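With the sequences and hints as input, model every part of the structure.
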Amino acid sequence: MTSLLAGCATNPNVLQIHKVTAETIGLASTDELTMGPVTKGKEDFLGGAELTFKATTAKGRVFNCSTFMTPGILLEPPTYSRLTCTK
61 MTSLLAGCAT
71 NPNVLQIHKV
81 TAETIGLAST
91 DELTMGPVTK
101 GKEDFLGGAE
111 LTFKATTAKG
121 RVFNCSTFMT
131 PGILLEPPTY
141 SRLTCTK
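Sequential numbering of the sequence shown, starting at 61, is according to my numbering.
Just so you know, the hints here were simulated from the structure itself, not pulled from any lab data.
One or more hints might be untrue.
[Claimed, not checked] Calculated cross-link-like contacts (lysine-lysine; reagent style DSS-like; alpha-carbon spacing at most 30 Å):
#, residue 1, residue 2
1, K114, K100
2, K79, K100
3, K147, K100
4, K147, K114
5, K147, K79
6, K100, K119
7, K114, K79
8, K79, K102
9, K147, K119
10, K102, K147
11, K114, K102
12, K79, K119
It should be emphasised that the depicted structure is a prediction, and the values quoted were computed from it without experimental measurement.
This is the structure we're talking about:
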């Protein structure tokens, strides 16, 4: 008898978001960035959700950021798109 694994990774990968945010803002390292709590919005019919958070650089610049998280299928991690950060 064969069994199938079904499921999605629906929790945000904060380390991945941290890395991509640092790159987007133009920082050389994630050490130069701290992030506030990541807030997950309401999920759409496919399980995707808007994530919002504050990012603060070591020099004190504060950004309001958001990205869209699409859950991974089976053992795949979630993917992120439309990352925006504004002052």
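Item checked: Unmet hints by their number, sorted upward, for this structure -> Result: no hint breaks.
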